[in-house]
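In the numbering used here, the protein residues as written are 957 to 1089.
Hint data in this document are derived by calculation from the structure and do not stem from the laboratory.
Remember, it's a predicted structure, so these values are computed and weren't measured experimentally.
One or more hints might be untrue.
Ranges of calculated distance between the beta carbons of each label pair, as one might list FRET restraints [to be verified]: (1) Gly964 <-> Pro1015: 24 to 30 Å; (2) Tyr999 <-> Gly1076: 18 to 24 Å; (3) Gln965 <-> Lys1027: 33 to 39 Å; (4) Pro1072 <-> Asp994: 18 to 24 Å; (5) Gln965 <-> Pro1015: 25 to 31 Å.
Yeah, the Cβ is synthetic: ideal placement off N, Cα and C, and Gly gets one too.
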Amino acid sequence: MSGYLDNGQWHEGWYNTELTGGEFVRTQSAFRNWVTTDGSSPYPAESSRYHLYVSLACPWAHRTLIVRVLKKLEAAIPVSIVEPVMSEQGWSFSPALPDHANGCSYLHQLYTAAKPDYSGRVTVPVLWDTATH
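Using the sequences plus the hints, can you model the full thing?
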């Protein structure tokens, strides 16, 4: 299953890959910024400030896990893992691997916590700023 948020409301709907030659074409994120060490962004590099949300079934999210290990950030950036198969509510958390940072049952709840009127797809990875949301 898949779906999307429209003005903060979840709607079921499959992403039609026939329109894109069988590929998932990722749109640019509505939540885009940089974490910096020099203060040039509102997101400073601080240990334990950020929380990473991933799916082990997603190649884009998998890359973030690799970089996290290569940069030795495991202790600085905790991770929550969504179920590998989407439910009717999109990416979900299992009781065995809950969302320890925000207590969400579904990833779309995180998107609407950041922007209540968000419209668009709900994708991983997500780097969540625990200080500003």
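How the hints compare with the structure:
Taken as a hint, the range 24 to 30 Å holds for the pair Gly964 and Pro1015, whose Cβ atoms sit roughly 28 Å apart. Between Tyr999 and Gly1076 the CB atoms are about 21 Å apart, so this pair conforms to the stated range of 18 to 24 Å. Taken as a hint, the range 33 to 39 Å holds for the pair Gln965 and Lys1027, whose Cβ atoms sit roughly 37 Å apart. The hint said 18 to 24 Å for the Cβ distance between Pro1072 and Asp994, and at roughly 32 Å that hint is violated.
For Gln965 and Pro1015, the Cβ-Cβ distance of about 29 Å falls inside the hinted range of 25 to 31 Å, so the restraint holds.
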